[in-house]
Structures are given as structure tokens and as C-alpha cells.
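J.: Same order as they appear, the protein sequences are chains G and V.
With the first letter of the first sequence counted as 1, position 62 gets the number 61 in numbering that gives the first Met the number 0; the numbers rise by one all the way through.
With the first letter of the second sequence counted as 1, position 207 gets the number 206 in numbering that gives the first Met the number 0; the numbers rise by one all the way through.
Don't take every hint at face value.
For the chain G half of the interface with chain V, some residues (derived, Cβ under 10 Å), not all of them [unchecked claim]: (1) A9; (2) R11; (3) P14; (4) P15; (5) S18; (6) R43; (7) T45; (8) P53; (9) W56; (10) Y72; (11) R76; (12) I77; (13) F84; (14) C105; (15) F134; (16) P138.
The set of hints was computed from the structure by calculation and includes no laboratory data.
As the structure is a computational prediction, the values presented were derived from the model and not from experiment.
Positions of the beta carbon are idealized from the N, C-alpha and C atoms, including for glycine.
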Amino acid sequence: MTLEILRLDADRAYPPRESEFTKTFWSDLGQGRWRTTRCRACERQTFPPKPVCPHCWSAEVEWSDLGARGTLYSFTRIHAAPAVFAPEAPYACGIVDLDDGIRLACRLVEREDMPLAVGQAVEVMVLQYRDGPLFAARPCA
Amino acid sequence: MTRNVAIIGTSAIPVGRHQTADDAQLQVLEHEIMTRLVIEAVHDAGVEKKDIQSLVFTLPRPYTRQKYFHTFLMGQLRLACRGNVMEVMGNGMTAALAFDQACNDILLGRANVALALGINMESAVPAAEHMMSSMRTTGDVDFHTSAGFTPIAWYAMDAMRYMHEHGATREHLGSVAVKNRFHASLNPLAQYRKPVTLDEVVRQRPIVEPLGLYDVPPRGDGAACLVLASEDVARSLGRPYVLVRGRGFCHDGTHQISDVPNDMIAFESARQAAATAYEQAGVTAKDIDLAELYAPCTIVEVLVSEAVGLFERGHGAAAAFDGETRLGGRIPISTSGGLTSRGHPAYVTSLYNYVELAEQLRGRAGDRQVANARLGLATGELGNYNAALIHVLEAKR
């Protein structure tokens with residue numbers, strides 16, 4: 000799945016670490032490619048991507064595409080933020096249930112025409128900072 | 000013969016601002032507080048120094064300069080013992096684990112008298128700076144913290160979901176804060192004791208929407224000491240004591256969030272741990288007279304009260320609003336003032352919850368005494384109640 004990329008003229012406040020394993024995820028994300036790991040043994044996807052399947056403990060995992068669309072399970076707006084995030088506050092974060100059956104938590108991008116609401120349809124997108132990408136979600140029709 | 004554990008003595012300093020800034024001329028030293036508390040709790044229990052064979056400490060905050068605080072304190076007290084001396088850590092569950100581990104030492108026969116104790120000092124560290132550490136404790140430090148999640152942001156999302164599913168209002172949740180402040184007004188150990196109105200609660204500035212300043216815990220310092228003993232020892236002392244009747248633990252196998260969609264606000268680990276504790280105690284939720292819940296935010300108190308069976312799903316907030324959890328209500332919750340008003344020095348918070356239950360179940364709670372309190376429930380947790388540790392306590396007089 001190809002995600003829309005929103006470019007931002009800033010560095011990430013608290014960049015994720017990358018490992019030999021997760022760098023695939025982050026470099027894909029930077030290209031707008033939205034993938035996670037899927038277990039070859041039990042065929043279940045997991046998110047965030049993991050080198051060992053948490054369900055059946057098989058280490059035979061492969062990269063597989065994720066869908067971008069989902070539903071907002073819940074959300075909040077964070078006003079009291081840690082020092083590195085304070086300049087961005089208040090900012091919205093939420094929990095998204097992807098149509099694929101994966102639940103994840105991420106930053107939310109707000110739209111004036113579609114206020115955040117539990118149950119609102121959302122799509123995953125890329126926030127492309129100067130130093131690398133983060134994934135986020137925003138309301139969609 | 001089965002051994003049983005009893006709480007026979009307690010001590011604590013009022014929750015509040017005790018930590019001194021780094022540049023203060025005179026410093027407040029943790030061990031000076033802690034040694035006095037040990038003496039006070041042991042005196043309350045009526046045992047002697049030589050009786051104590053195990054000490055389980057909560058891990059101090061990283062801001063405490065003295066490292067290996069537990070063994071340092073052994074030296075301050077010249078306290079030799081042969082059971083166990085250790086510090087435990089389990090994020091928000093830290094103090095509940097210290098209590099539980101001290102119980103274990105008695106159950107294993109390693110000690111007939113054990114202490115569960117600790118100190119949490121953090122208030123001189125600014126909130127935004129402290130959050131730089133606490134944001135790394137909940138969720139995935141790479142995949143969640145990078146988005147800006149903070150520990151209470153997860154509870155805020157519980158609140159948003161609960162309001163959506165059950166039609167609860169800000170006023171329903173806020174009534175928990177009003178009730179807790181009223182309880183705190185009657186508790187000398189509480190950090191914030193001036194009563195507040197519901198209107199004041201809902202008008203506070205937002206911290207993590209929909210939760211405002213009075214829906215979330217204040218920051219504060221605290222220290223407490225519990226003296227536990229085998230029931231044989233407790234009985235021999237001829238004073239009221241509190242028996243640990245049941246214990247349940249459950250970790251739901253997720254950290255903060257399940258990537259397999261679940262009912263996030265069911266707090267399944269609390270439900271299961273409570274079921275285990277009730278079964279061990281031979282009681283049901285209906286038998287509980289009061290509860291001290293580990294509930295950093297108003298919404299958490301509501302969700303835990305439902306998960307442990309004190310209220311039906313979706314009814315907890317309305318019940319709180321209707322006064323059922325207030326002193327004199329059907330099931331008083333957080334008579335100490337709870338984490339929102341008694342205070343939340345996180346690593347020792349559960350010690351204060353046991354102190355409150357010990358006061359109530361020994362009939363020493365004064366103006367906030369729950370009449371004829373016989374069975375009390377305490378919960379500890381970590382994450383978004385991804386793990387719960389629950390104890391049923393019984394008054395023995």
C-alpha cells in the first residue's frame with residue numbers, strides 16, 4: 000500500500016531507533032510503503048513488525064503489505080507534553096483499527112472539515128520530517 | 000499447616016512536596032525519612048528489631064542520589080537479617096510487588112516478620128523533564144513514544160472510548176475527583192485536602208483530553224513502611240490486625256496496546272486477578288466493604304471498579320456520580336482520597352493504599368472510617384491495566 004507523504008520542515012522530536020531488522024520498515028515508510036511482518040507459519044500479521052511471531056513464536060517472518068484505511072478506536076489531545084514535544088502541544092494521538100484487523104497507536108493529523116471522533120474513518124499517512132519518517136493517521140471520507 | 004500473612008503495623012509521611020532542589024542549601028535526605036518511618040511502623044506493630052528477617056524495598060526514583068538505597072538503609076539501622084533484602088521494580092506496580100514479595104517471604108517461612116517499604120522523591124524535577132523519562136515507560140519507545148504518547152494519554156483514550164460506548168459525561172468522570180477530594184479532606188496523609196466542586200473540576204485546563212487537571216494525578220513525594228507478619232505472630236500481639244485473605248495476579252500478554260483488536264476498557268487482567276483473589280478468599284465482589292484502587296485518573300477508577308465486579312460494565316461512572324462510591328455510599332472507593340487527591344508518588348503509591356486499608360480495617364480511620372469495615376480490596380497495575388495484582392484484606396479484631 001502506498002501512503003500519502005506530508006513533508007515537514009522539522010526534525011522528529013524523539014526519533015525511533017532503527018535496527019538491522021526495523022530499518023526495512025522505516026526506509027520503506029520513507030518511500031510511502033506501508034508494511035509489517037507476517038508469520039510464515041501461522042500467517043498472522045503483527046504490528047509493530049517483529050523478528051519473532053508473538054503468536055506462535057516462529058522466527059520465519061516475512062514483510063507483507065498493510066492496508067491504509069481504518070477506524071478511529073479512540074483518541075486524545077495531549078496538552079501536557081514531555082520537554083521535546085512541548086513545542087508541538089497540543090497534538091492529537093489515537094488508536095486506529097485498520098480494516099486489515101491490526102490495531103495500532105499513532106499521531107493524528109487533524110482536518111478542519113472532519114473533526115476527530117470515535118468511529119471516524121481514517122487513513123494512515125507518512126509524516127516526512129527532515130531526519131526521517133513517522134506514520135500517522137488522519138480522518139478521511 | 001498453611002501460613003497466613005497479616006499487616007500489623009504501618010507508617011507514612013503525608014504525600015506532598017518533600018524533595019529539595021539540587022541547589023538548595025539544606026537537602027532533605029531520603030534515608031533520614033525512611034529510618035524514622037521504620038521505627039514508627041515497628042512501634043505501631045509492637046514487634047522488635049530482632050524479629051524482622053526480610054525487607055522488600057521499592058526502587059527509588061533515579062533522582063535519589065544514594066544508590067543501593069536498600070542495603071544502605073540496613074547499615075543505617077544495623078539491621079541484620081536472614082530472609083531477604085531487595086529492591087523491586089514494576090513501574091506502577093512497584094509497591095504492590097514489594098508488598099506481595101514481603102508476603103511471599105512470610106509464606107515461604109523465610110521470615111515471621113517482614114517489612115515492605117520505600118520512598119519516592121520526584122517533585123523538584125519539573126514535569127516536562129520528568130515526562131522525558133516517564134514517556135519511555137508506557138508503550139513502545141520506538142513506535143509509540145516517537146509519536147508523543149505519555150503515560151496518562153493512554154488513560155485519556157480509555158476515557159474517550161468509555162464516553163463513546165456508555166454515554167458517560169465529563170461530569171460523571173469529574174464526580175470521581177470531587178469525591179476523592181472530599182475523602183482526602185479527611186485524611187492527614189493526603190496531598191490535596193481542600194474540597195472542590197464538580198464545576199471546578201470540569202472547568203480545569205485540559206491535560207490529556209477529555210481529562211482535565213483534576214482528573215489526572217498530581218505529582219508528589221511519599222514514603223511508607225508496612226510491617227507484615229505471620230498470623231501466628233499477629234495473633235500473639237493481642238492487637239487488631241489485617242489478614243491477607245486472597246491474592247490474584249494477571250498479565251494479559253500485551254504491553255499498553257494489543258495489536259489484535261480487543262475491548263481495551265474491559266481491563267481483563269483486573270477482572271481475572273480479582274476472580275483469583277476472590278476465590279482464594281472465599282468471597283465475591285458483593286462482600287467487599289471498601290476498595291483502594293490503583294487509579295491514576297478518574298476514568299481508571301471507574302474502569303477498575305467495573306472490572307473487579309463492584310459495578311456492572313458501563314455503570315461505574317454513573318454510580319460514582321450518584322454517590323455510591325462516596326463514604327456512606329454502597330461501596331466506598333478510595334477513602335484515602337485516591338491517587339488524584341491523596342496523591343501519587345508512583346513507586347510507593349500502593350503502599351499508601353495498603354496503609355489506608357490497614358487503618359480502615361483496624362478501625363483507626365477517624366472521620367473517614369467506613370462503619371463495620373471487614374473486607375477491603377487493593378489493586379496494583381502497570382501499563383493500561385495490562386497487568387494487575389489484587390489483594391483481598393480482612394479485619395481481625
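J.: It remains to establish, for every hint, whether it holds in the given structure.
T.: Structure-based check of each hint:
The restraint placing A9/G at the interface with chain V is violated, with a minimum CB-CB distance near 13 Å, outside the 10 Å limit. With 10 Å as the threshold, the beta carbon of R11/G comes within range of chain V, its nearest partner Cβ sitting at about 6 Å, so the hint holds. Annotation: interface hint on P14/G holds; nearest CB of chain V at approximately 6 Å, less than 10 Å. Taken as an interface hint, P15/G checks out: its beta carbon lies about 4 Å from the nearest beta carbon of chain V, inside 10 Å.
Below 10 Å, beta-carbon pairs count as interface contacts, and S18/G has one with chain V at about 9 Å; its hint therefore holds. Taken as an interface hint, R43/G checks out: its beta carbon lies about 8 Å from the nearest beta carbon of chain V, inside 10 Å. Nearest Cβ of chain V to the Cβ of T45/G: about 6 Å, under the 10 Å cut. The hint holds. Interface restraint check: P53/G against chain V, minimum CB-CB distance 8 Å, threshold 10 Å, status holds.
Interface restraint check for W56/G: the shortest CB-CB distance to chain V comes to about 12 Å, outside 10 Å, so the restraint is violated. Taking 10 Å as the C-beta contact cut-off toward chain V, the hint placing Y72/G at the interface holds, the least distance being around 7 Å. Restraint check, R76/G versus chain V: the minimum CB separation of about 4 Å is within 10 Å; hint holds. A cut of 10 Å between beta carbons decides the hint on I77/G: the least distance to chain V is about 5 Å, and the hint holds.
Interface restraint check for F84/G: the shortest CB-CB distance to chain V comes to about 4 Å, inside 10 Å, so the restraint holds. The beta carbon of C105/G comes within 5 Å of a beta carbon in chain V, closer than 10 Å, and the hint placing it at the interface holds. Interface hint at F134/G: satisfied, since its Cβ lies 8 Å from the closest Cβ of chain V, which is below the 10 Å cut-off. The beta carbon of P138/G comes no nearer than 15 Å to any beta carbon in chain V, farther than 10 Å, and the hint placing it at the interface is violated.
Taken one by one, the earlier hints fail for this structure at numbers 1, 9, 16, listed in ascending order.
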